[in-house]
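Once you have looked at the hints, place chain V on chain Y.
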Amino acid sequence: MTIKADPQSAEEVIRKGLEELGADPGRVSREATFESLDVDSLDLVEIAQIVEDEFGVELGGDDVKELKTVGDAIDLVVAKSA
Amino acid sequence: MSRRAVITGLGAVSPLGVGADALIDRWSRGETGIVDGDASCRDFDPLDFLSRKEARRADRFTQLALAASDEALGEAGWEEIPYDRRRVGCVIGTGIGGIGSLQEQSAVLREKGAKAVSPLAVPLMMANAGSAAVAMRHGLNGESFGVVSACAAGAHAIGAAVRMIRAGTADAVVAGGSESAMTEVAIAAFASMGATSPTGISRPFDARRDGFVMGEGAGVLLLEEADSARSRGAEILGEVVGYGASSDAHHLTAPDPSGTESARAIRMALEDAGITPSDLDYVNAHGTSTPLNDRSETGALKLALGDDASAVPVSSTKSVIGHLMGAAGAVEAVATTRALNRRVAPPTVGLERFEEGLDLDYVPGDARRLDGEHRLHAISNSFGFGGHNAVLCIATA
Chain Y
1 MTIKADPQSA
11 EEVIRKGLEE
21 LGADPGRVSR
31 EATFESLDVD
41 SLDLVEIAQI
51 VEDEFGVELG
61 GDDVKELKTV
71 GDAIDLVVAK
81 SA
Chain V
1 MSRRAVITGL
11 GAVSPLGVGA
21 DALIDRWSRG
31 ETGIVDGDAS
41 CRDFDPLDFL
51 SRKEARRADR
61 FTQLALAASD
71 EALGEAGWEE
81 IPYDRRRVGC
91 VIGTGIGGIG
101 SLQEQSAVLR
111 EKGAKAVSPL
121 AVPLMMANAG
131 SAAVAMRHGL
141 NGESFGVVSA
151 CAAGAHAIGA
161 AVRMIRAGTA
171 DAVVAGGSES
181 AMTEVAIAAF
191 ASMGATSPTG
201 ISRPFDARRD
211 GFVMGEGAGV
221 LLLEEADSAR
231 SRGAEILGEV
241 VGYGASSDAH
251 HLTAPDPSGT
261 ESARAIRMAL
271 EDAGITPSDL
281 DYVNAHGTST
291 PLNDRSETGA
301 LKLALGDDAS
311 AVPVSSTKSV
321 IGHLMGAAGA
331 VEAVATTRAL
341 NRRVAPPTVG
351 LERFEEGLDL
361 DYVPGDARRL
371 DGEHRLHAIS
381 NSFGFGGHNA
391 VLCIATA
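Residue numbers (our numbering), protein chains in the order written: chain Y, 1 to 82; chain V, 1 to 397.
Derived by calculation from the structure, the hints in this document are not laboratory data.
Treat each hint with caution, since some may be false.
[What the hints assert, rightly or not] Derived DSSO-like pairs (lysine-lysine); straight-line CA-CA distance at most 27 angstroms: (1) V:LYS53 <-> Y:LYS65; (2) Y:LYS16 <-> Y:LYS65; (3) V:LYS302 <-> Y:LYS65; (4) Y:LYS80 <-> Y:LYS4; (5) Y:LYS16 <-> V:LYS302; (6) Y:LYS4 <-> V:LYS302; (7) Y:LYS80 <-> V:LYS302; (8) V:LYS302 <-> Y:LYS68; (9) V:LYS115 <-> Y:LYS65; (10) V:LYS112 <-> Y:LYS65; (11) Y:LYS68 <-> V:LYS115.
Next comes chain Y alone, as it looks inside the complex (with noise of 0.2 angstroms):
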């Protein structure tokens, strides 16, 4: 079963996700961007996959290249939630 994913919710798993995958949980904010949490693309698609996972939201390739910072993720999931 997922979930509805709410801004609150979809940072709490995103920020979860992060820090799982080794980001520095001190600098994980919705303004921290991608390229300075040293996340790259396929940190990405695993925190796609998570996101899918928790909220049966279906993340593709192209909507993950644009995401520059933790708030667009969170912002798209949300959206794409709703």
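Only chain V this time, still in chain Y's reference frame:
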């Protein structure tokens, strides 16, 4: 003046512990790293060497290779790369590569479907991952690749590296082997073909031997071109003075019982080193503890060394760490180099019952002092499923 490959750094992670010294110290004391048939690297924690992110982006075989290469570069005093990075190569052998990651992702595929398979699966399991990761970690821009030749891979990797240095295409090469394949599938597969010991005891050359004990680990030699190493003031630990390789072209897994081609590889290594059998001070045997290998290897040594075969001490590292497969040749080259430096032949631990025809001096009991003050020479044998034979000849500085 021809170019030569000297050894300036050693690194090893083995069932005897983390570090080349743990390997040689404990083996020389006759201690074993095999506990109840288990030859894993229990003391190894990847997070001692890697960040969490680095660790999850590397299969365990790659983590082991990174730890061993850190040690080798550290021993050589390479805080900065002392050469043009484009002329520093990296060759890491493996028998299987990231089979643990492959097995995990196969389970994910079955349970959750194709879309859940990790994007890291390929870079984790590819057999060249060890070489790629070591080159990336240290910024080595020279030729780098993996070597895959089953249980001869570590020795082939070092042989290839020696040739790169001699040919002038590299000034230094990080060379070795790494393996971590103790997964359900691999354990079942080796058992199914009757290669591994049902009793979980590794006792090479003993009449009761019944197969090898699968182990994991990594070994790395830092090789540098001799003149360059000397001019930077490096401490020289030894030299890979010879390399010989051949193929049985005989059977999928069984060695040619005549030992013809493995003997030829041994002779090639000696010729390459410019020495004769009587110059050999020590033989580090492949010595797997399988009924077939230990007999055919004994035959090959007799064929290659003639009457001198019975005079030289022959021992098997696998008696204390099991069979590290693609890492074996490299870890054993590390052990051989350290043993020569300490002028000691470590024992074949557990050898008690002798078998008709297996009549070389296998150093049963305690480690033996290698007498004299001369430059010491040893060979380290590695033979792989598929009939791959690779022999290194190593000398003291």
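Quick rundown of the hints versus the structure:
With a CA separation close to 21 angstroms, the supplied pair LYS53 of chain V and LYS65 of chain Y stays within the 27 angstroms bound. The straight-line distance between the Cα atoms of LYS16 of chain Y and LYS65 of chain Y is roughly 21 angstroms, inside the 27 angstroms bound, and the hint therefore holds. Restraint check for LYS302 of chain V and LYS65 of chain Y: not satisfied, since their Cα atoms lie roughly 63 angstroms apart, outside the 27 angstroms limit. Taking the CA atoms of LYS80 of chain Y and LYS4 of chain Y, the gap is about 10 angstroms. The hint holds against a cut of 27 angstroms.
Proximity of LYS16 of chain Y to LYS302 of chain V is assessed by CA-CA distance (about 62 angstroms); at most 27 angstroms being required, the pair is judged violated. A threshold of 27 angstroms between alpha carbons decides the hint, and for LYS4 of chain Y with LYS302 of chain V the separation of about 74 angstroms lies outside it, so the pair is violated. For the given pair, LYS80 of chain Y sits about 73 angstroms from LYS302 of chain V by alpha-carbon distance, which is inconsistent with the 27 angstroms threshold. Only pairs whose Cα atoms come within 27 angstroms are accepted, and LYS302 of chain V paired with LYS68 of chain Y is rejected, the gap being roughly 67 angstroms.
For the proposed pair LYS115 of chain V and LYS65 of chain Y, the alpha carbon gap of about 18 angstroms is at most 27 angstroms, so the pair holds. Between LYS112 of chain V and LYS65 of chain Y, the direct Cα distance comes to roughly 24 angstroms. Compliance with the 27 angstroms bound is thereby established for this hinted pair. In summary, the hint linking LYS68 of chain Y to LYS115 of chain V is supported, as the alpha carbons are separated by about 23 angstroms, within the 27 angstroms threshold.
Checked against the numbered hints above, the structure breaks hints 3, 5, 6, 7, 8 and satisfies the rest.
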